[in-house]
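A.B. asks: One-letter residues, chain by chain:
Number of protein chains: 4
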Amino acid sequence: MPGNITGRLLRLASFGESHGAAIGGVLDGFPAGIAIDLAFIQNELDKRKPGTASFSSARQENDQIEVLSGVFEGISLGTPIAFIVRNQDTRPEDYHEISKAFRPSHADYTYSMKYGIRDYRGGGRSSARETLVRVAAGAFAKLFLSSKNIYIQAYTSSIGPVEINQNRSEIRPEQAGLNALRCPDPDAVVKMNAYLDEIRELGDSAGGTVSCVISGVPAGLGEPVYDKTEALLAQAMLSINACMGFEFGTGFKAATLRGSENNDQWDWPEDAQENFHLNTKTNNSGGIQGGITNGQPIRFRVAFKPVATIQQDQPSYTTEGENIVLPAKGRHDVCIVPRAVAVVEAMAALVIADLFLQHKALDK
Amino acid sequence: MPGNITGRLLRLASFGESHGAAIGGVLDGFPAGIAIDLAFIQNELDKRKPGTASFSSARQENDQIEVLSGVFEGISLGTPIAFIVRNQDTRPEDYHEISKAFRPSHADYTYSMKYGIRDYRGGGRSSARETLVRVAAGAFAKLFLSSKNIYIQAYTSSIGPVEINQNRSEIRPEQAGLNALRCPDPDAVVKMNAYLDEIRELGDSAGGTVSCVISGVPAGLGEPVYDKTEALLAQAMLSINACMGFEFGTGFKAATLRGSENNDQWDWPEDAQENFHLNTKTNNSGGIQGGITNGQPIRFRVAFKPVATIQQDQPSYTTEGENIVLPAKGRHDVCIVPRAVAVVEAMAALVIADLFLQHKALDK
Amino acid sequence: MPGNITGRLLRLASFGESHGAAIGGVLDGFPAGIAIDLAFIQNELDKRKPGTASFSSARQENDQIEVLSGVFEGISLGTPIAFIVRNQDTRPEDYHEISKAFRPSHADYTYSMKYGIRDYRGGGRSSARETLVRVAAGAFAKLFLSSKNIYIQAYTSSIGPVEINQNRSEIRPEQAGLNALRCPDPDAVVKMNAYLDEIRELGDSAGGTVSCVISGVPAGLGEPVYDKTEALLAQAMLSINACMGFEFGTGFKAATLRGSENNDQWDWPEDAQENFHLNTKTNNSGGIQGGITNGQPIRFRVAFKPVATIQQDQPSYTTEGENIVLPAKGRHDVCIVPRAVAVVEAMAALVIADLFLQHKALDK
Amino acid sequence: MPGNITGRLLRLASFGESHGAAIGGVLDGFPAGIAIDLAFIQNELDKRKPGTASFSSARQENDQIEVLSGVFEGISLGTPIAFIVRNQDTRPEDYHEISKAFRPSHADYTYSMKYGIRDYRGGGRSSARETLVRVAAGAFAKLFLSSKNIYIQAYTSSIGPVEINQNRSEIRPEQAGLNALRCPDPDAVVKMNAYLDEIRELGDSAGGTVSCVISGVPAGLGEPVYDKTEALLAQAMLSINACMGFEFGTGFKAATLRGSENNDQWDWPEDAQENFHLNTKTNNSGGIQGGITNGQPIRFRVAFKPVATIQQDQPSYTTEGENIVLPAKGRHDVCIVPRAVAVVEAMAALVIADLFLQHKALDK
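Chains as they are written, first to last, in our numbering: chain A, 367 to 730; chain B, 367 to 730; chain C, 367 to 730; chain D, 367 to 730.
Accuracy of the hints is not assured; some may be wrong.
Any copy will do: because identical chains look the same in the list, a pair fits if it lies in one copy or spans two.
Claimed, not checked - Straight-line distance between alpha carbons at most 30 Å, and here's what the computed DSBU-like set of lysine-lysine pairs gives:
(1) Lys619 / Lys557
(2) Lys726 / Lys647
(3) Lys726 / Lys514
(4) Lys415 / Lys514
(5) Lys466 / Lys647
(6) Lys413 / Lys514
(7) Lys557 / Lys415
(8) Lys466 / Lys726
(9) Lys619 / Lys415
(10) Lys647 / Lys514
(11) Lys413 / Lys557
What the hints contain is simulated information worked out from the structure, not anything from laboratory work.
Generate the whole structure from the sequences, applying the supplied hints.
C.D. replies: Listed below in structure tokens is the structure:
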């Protein structure tokens, strides 16, 4: 099952190498009858576009999406939605010297060992350019989810050692879009920018974390046992380039808490008499219990490592065993976390939309 | 896709409620010709058995596995391996009072909202008793992997606030089996036991973390993009009851590091001249780059929350909105982390065996 | 994807060798809240039981089903339904001489070539005894479908050269249960019995066809392109032991017709004004157009070859190349067609129930 | 699981409406290192092109394939192979009057009932134009199979009532390419052409059958139980537009034979002493026993109904219940059987290549 297709009822088949003719995807299982706002889709893509801030790659990616099928007179047909983005501003000559060498902490070596062949131009299929496909598909999923009043908001919660205010009540995730770092804490933004300036001058790179809140999810969504909501979210997040970890609710901190601290007590909402449902007084469970949603916001956090490409000479080996030095060059992000915000949202949207459809199949 | 079947080429179908007639599984895709040591399988099951230490549930689970198919004269046939374990020592009367109420941070409420019906006896399908199926199936996977010289070793790396020695070179994971806490650091074991005694007296519960090392995995295993090795491991781990987080390699800490700190430099092994392969000088990548293994040990860590059932009265609501108090009773673990070690190993074994077969399909 | 698991949203994992400890299945995705009548399930199993007529094997298969999970107080839980049937009256000694030889037109040789090992007792996994699992799972699917007013009726439409009345209007499929041959045409039954007596005296075997009608299926069910309703039915039927062909609607005869003869003209039902739908004046399409149901009865026909085991000496070879003669013995059916009627119904029920759930997922 | 993705290890995601911007596919799981001859791919596409003979549609489909990914310097990368074909010569105005009516025996009505919306232009997604995607993907599969010495040859075996010589030994399937009817029997070709001339003058249409031989398949391929080789072939064939039936080996005729007539006796090949394998003296099993290949050629036959669009006025209804007459017009084939030959081959290639990879995963 070569991993370029994901999802169960809503499935995305992704294709494309970084410097090939085009990248794109086929989204099968998208419900019929949804209004498709192409400007919204393009706007989502623009959010992950590099080159819009000083911490980003200078590669020009004026990525224009072309939808090839599945939409008729502005409405989804229920048939596969295919889309492509032509690759532009490719500079394969930048990569010639790595055609027989292996960059540290990239996938050059592992792809060579797996396939016996690789497209060395910009990492080929292993390039984070593939996340463009995710964002496009996720934008369609968002259109479906918003028709069900489900909304997804991710934001930068740390860059390097700089974290946002840990008092969650003072954070407005929806303000993430106000700055290029996609961080809703203005004080942190100042510090993050200073840190990134420092890192750039060192020719180094930075990691960080992205947090995400999904609101409007009804209780009862998700599947049990192996396909728990958090399990599918974890797979989706760890599949993003450079992702190193996932936690939901109290996450890793839960390991240090006591049951009496971590348990969420039930609350009886005023309107439960007419239409039975319960709330929780806290949301340490991150909106999920036993793999199934409880109606509270789903909350999770994702860790990204620093970009492997740095503006420093790095030693390596060729396939013939020659010890060489990979020079500092190329067009790369100092920190991909702000661009990853859009990718986290997109993957979350695909997972939740898929679970929504799966739930519908078995619901009364 | 109701989530009781997992895997791609090696697939496990799991069944059973905590207090039903039996639980068990069907393992399809297990290769033919592997010697099946039933004593080994039973021994793996015994590792997750409760009641063997003071922090464990007093429920007697003398779980004897019966293999119903797939093995002929001690050798796997290539046909599905089915196994069952009869449920014993069930006390459904313990659960009568929760039949119309919802325990905090359990799946009682979410299952009711999803299915409109639930087996309230011991949590029914949402019970961690299902992990027995995983351990049994994982034991078969281990037999296959050991025929390929791949070995999996997990261990308790923290309980509550007590962590093991962070100097990895002083830890011998294979010593995890020497004590009931399955912790390879004797100093930490003393502190963990003291902490658990304290928690038990408070009628409370504790969480913790489990770390895991997979050795012998050749370079080139794993699938790209959506089914990256770490993504499938993350799904597998987050599907375990009470799991709240997953990280691999430098994990969440990577978010605070610089690229120059986190990158793994290549090393040229002496025997690479004859048979090309590379090593890394460090293993911050946790054995995986671009989703595909690089031949170094796979390393990951998993967080478990404290057990939701505690020996303290907890308020709740019935379906009719009656505000009730759930009394402190029942037979439950103070901390499931030591028992979860076997489950983490089993899920890792299933994932890696599956990826091994998938790789073989496309390998030359 | 070793083929022991089938289905998409409603999935069946099957296990068991003919002479192993037990055979059984796990049915995942069965909706919650359906009343489960175990007597009905057992009665369905009895329909495929051998030994009830002179054309059947003398092997006693008093197959008693045990349901291990998924049903609580007579209602389905939405969790996996596992069931087993213990194998009884096994006589492995009957099969010793084929342990190193290959019966003509059986799977002995192909299984040996595939797996390098085989359970030679009664064909092991390749035995038609596995169809018991299908009938049990299909019985659950029928319970679900009847709650939606969908009904499935198959019947013997030919045995050897003896065919039923081709005037469809004179056939009442629901009368199939009135005789052991499961044939609704009393005149044909007389001729079929005479033919089977003749074949039995010759120590030979007979094939035949099974026809099937599915009524009550709403228009709009089924998936397009690769998973057309007829495509999934064809896979399901061809997966039954000894099945050699499938056709629906006018089937192979359609290849000889003209478009003007084969097209189904539309009809406007009286009640279409309130609730739009159309009928067809003929049903040459067998209830399916473009892979999707049109509301007319689904009609298809399946061909079964004569049983490969016959009461005549047959030459063969051992793995060492010794030319041997397999003697005429063993307990086998002269014709499995009447028993296959239950299997055809069961597989049809699984396919339609699965498509029903899939449709629900994407329906408004 | 909306059915636009097929396959297990080798998966094809198909997209595109008949008169949309483009149609195409993504082929995931194609092995790395295979030389890709684009001229061969284009030539396969040309085989299904209409307009090359008098029985074909006059629509100009100068379909030029563009490969967007997965091939680097003429070699497959192991990454997804995406390809598109732009739709040209579309005349949506031809279809305006069916936008609110339903053509007999087309999918207009069923798609409307399923999706609540349809692209009425040329049948939209239900158009046989989608088979172009299959032929392109199948061409890639053929390149892989030929590297394993596996070859697939289909041919027209009947058109309307005209059948080819039933003496199989006098038919050379590889001569199918010598005429536009893709029929290897010159005598039958004459009669078929005469029959088609007659049908065309009547403004009617004809059906027919396609036979297929797959040679070079090693013994031991295929999966047991639900995914038998014949079951996957049957699904693949019945998924082709207008296909009404499938049979393999002796097929429907087997239902009339006796076991002693239908069984294939084993034969001991001269070279079996060194490398054990068996032949059969006849091939009534069509190369498959118990779902798994036995090393003999795989033989099957597929029935196609006459084209539903005919050059005769046909009555129908609008969604408002208006009784209208659909006039005879449009550009359509009198008989699609000769064009279906390429589609049958392509689907067979995809199935066998997929089974080849699946077998490899579990083979020693």
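A.B. asks: With reference to the structure, classify each hint as holding or not holding.
C.D. replies: Each hint tested on the structure:
1. Lys619 / Lys557: both (25 Å within a copy, 19 Å between copies)
2. Lys726 / Lys647: For Lys726 and Lys647, the Cα distance is within 30 Å only inside one copy (28 Å; across copies 34 Å).
3. Lys726 / Lys514: For Lys726 and Lys514, both the intra-copy (12 Å) and inter-copy (16 Å) Cα distances are at most 30 Å.
4. Lys415 / Lys514: within (28 Å within a copy, 44 Å between copies)
5. Lys466 / Lys647: between (58 Å within a copy, 20 Å between copies)
6. Lys413 / Lys514: Within one copy only: 23 Å inside a chain, 45 Å across chains, cut-off 30 Å.
7. Lys557 / Lys415: Classified as within; 23 Å inside a copy, 50 Å across copies.
8. Lys466 / Lys726: between (51 Å within a copy, 25 Å between copies)
9. Lys619 / Lys415: Only across copies: Lys619 and Lys415 sit 26 Å apart there, 33 Å inside one copy, limit 30 Å.
10. Lys647 / Lys514: within (25 Å within a copy, 41 Å between copies)
11. Lys413 / Lys557: So Lys413 and Lys557 pass the 30 Å test inside one copy only (22 Å; across, 49 Å).
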